[in-house]
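> Both chains are given apart, each in its own frame, so use the hints to dock them into the complex.
So the chains spell out like this:
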Amino acid sequence: MGGELLESSSSPSYTEIFYEHFPFYLSIGMTYDQYWNDDCLLVKYYRKAHELGKQQRNQELWMQGLYIYEALCDVAPILHAFAKPGTRPLPYSEKPYPLTKEEAVANKEAEEKAARAVAKAKFEAWAASLKLPEHKVVNADGH
Amino acid sequence: MAKQIRFEHDGKEYTLEFTRKSIETMERQGFIASDIADKPMTTLPALFAGAFLAHHRYVKKELVDEIYSKMTNKQDLLSKLAEMYNEPIQALMEEPEDAVGNVKWEASF
Chain A
2 MGGELLESSS
12 SPSYTEIFYE
22 HFPFYLSIGM
32 TYDQYWNDDC
42 LLVKYYRKAH
52 ELGKQQRNQE
62 LWMQGLYIYE
72 ALCDVAPILH
82 AFAKPGTRPL
92 PYSEKPYPLT
102 KEEAVANKEA
112 EEKAARAVAK
122 AKFEAWAASL
132 KLPEHKVVNA
142 DGH
Chain B
5 MAKQIRFEHD
15 GKEYTLEFTR
25 KSIETMERQG
35 FIASDIADKP
45 MTTLPALFAG
55 AFLAHHRYVK
65 KELVDEIYSK
75 MTNKQDLLSK
85 LAEMYNEPIQ
95 ALMEEPEDAV
105 GNVKWEASF
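Top line first, the protein sequences correspond to chains A and B. In terms of this note's numbering, the numbers along the first sequence are unbroken and rise by one, the last being 144. In terms of this note's numbering, the numbers along the second sequence are unbroken and rise by one, the last being 113.
What you were told as hints is all true, and nothing was included just to trick you.
Okay, derived cross-link-like pairs now, DSS-like style, lysine-lysine, Cα gap no bigger than 27 Å in a straight line: (1) 108(B) with 45(A); (2) 45(A) with 84(B); (3) 49(A) with 7(B).
If the Cβ cut is set under 10 Å, some of the chain A residues that face chain B in the computed set are: (4) 16; (5) 17; (6) 45.
Calculated directly from the structure, the hints in this document are not laboratory data. Backbone N, C-alpha and C fix where the C-beta goes; we use that ideal spot for every residue, glycine too.
Same shape as in the complex, but just chain B (with noise of 0.2 Å):
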């Protein structure tokens, strides 16, 4: 299953997922992945309403700038949301086979 975020509001339960289609959404509108790693805090906001639009479509932008001013943690939410907008597009590269010459590697961060 895909990865979600899942939080209530105002005694509503939302889940941010991202599908193809809102990320093709979202590049319509403007968005661009890279910026993320460039300019983080003007990004987050953007992404954080793209994530919307898989279960949420129809909900207001006043609202989902309402809930997202009011997430706590938002280093954190940034790299989540980052990790889900990246899994649609990693779920259609291949892994390499498990086989003698592979590249094993690890990060320090």
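Chain A extracted, bound-state conformation (with noise of 0.2 Å):
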């Protein structure tokens, strides 16, 4: 029972299932030679790397539309049409957004610490301005 159904001549031979799949595996990378005589197991990882490399893709498209809307809302204010003389966009991001929570923090230290440094070096040149009397080194025998 049910034969009839597993000997239907129109049922596709299994070389020809793999030929109807040959061209997509070749499309994604894999050679001839992977396809026909290597590891059958094989299609299975291409196919998982194919849909984590479309994840990438789309990944880095979104990106690229997040940058572009970046540039977009910097470069706006002087787009508008009753813009003050004078209007300057605001300036781009210096680096590129950190993919990586690592990243984020590196860069948030590197942040803190420039402006660390130019509170220092502002401190420095306020102190400098001051006339402030000069300390005289008194020595024990009292010269």
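Okay, structure coming up:
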């Protein structure tokens, strides 16, 4: 029972199915030799890698959209028809957006370090501008 | 890694495996997969010989037949070879994602 379904003359042979799928695997980077002669399970890993590649590409396109959006926002003030004379665009990000948590932390630390260096330089400049009385070093013998 | 059968004969190691190319070669020579269920005892020698194509293409038919005649537990051998034969095509078929609504099933044999 049911044998007639399996033995239907219209059902394709394994070879036909292999050839039907072959172009797809070629398109995702498999070689002829890998598809036909290598480990038959390799196709699973190529499919998985293809899925990951698609996700990565999608992420990259999303990021690109974000950069374009930011650029448009930055330049928007000067695109305004009634913008005041002398209006300047906002500065574009100096660095690419961090992609990992570690990168974000490192960027934040670097920004804080730079801000501290600026504050220190300002303070030293301010201190140098003050006319403070000079300290005289007095030795123990009173000279 | 694909399913394989390994054994030693006359001091030489043999690895039986099916690749898409070996299945294509077998089908070109007249092998029909559905015969495994209908005529298992006549199909088994051809299936066994086909499993040599991947790693031992140039082994003579006489030697393959000799090895086959010495193989023990042929019923199990047939089921394992059939499983191996189906692997290259199964690997091409996507498994549905594990989600609500998928039908789970099991066999009693």
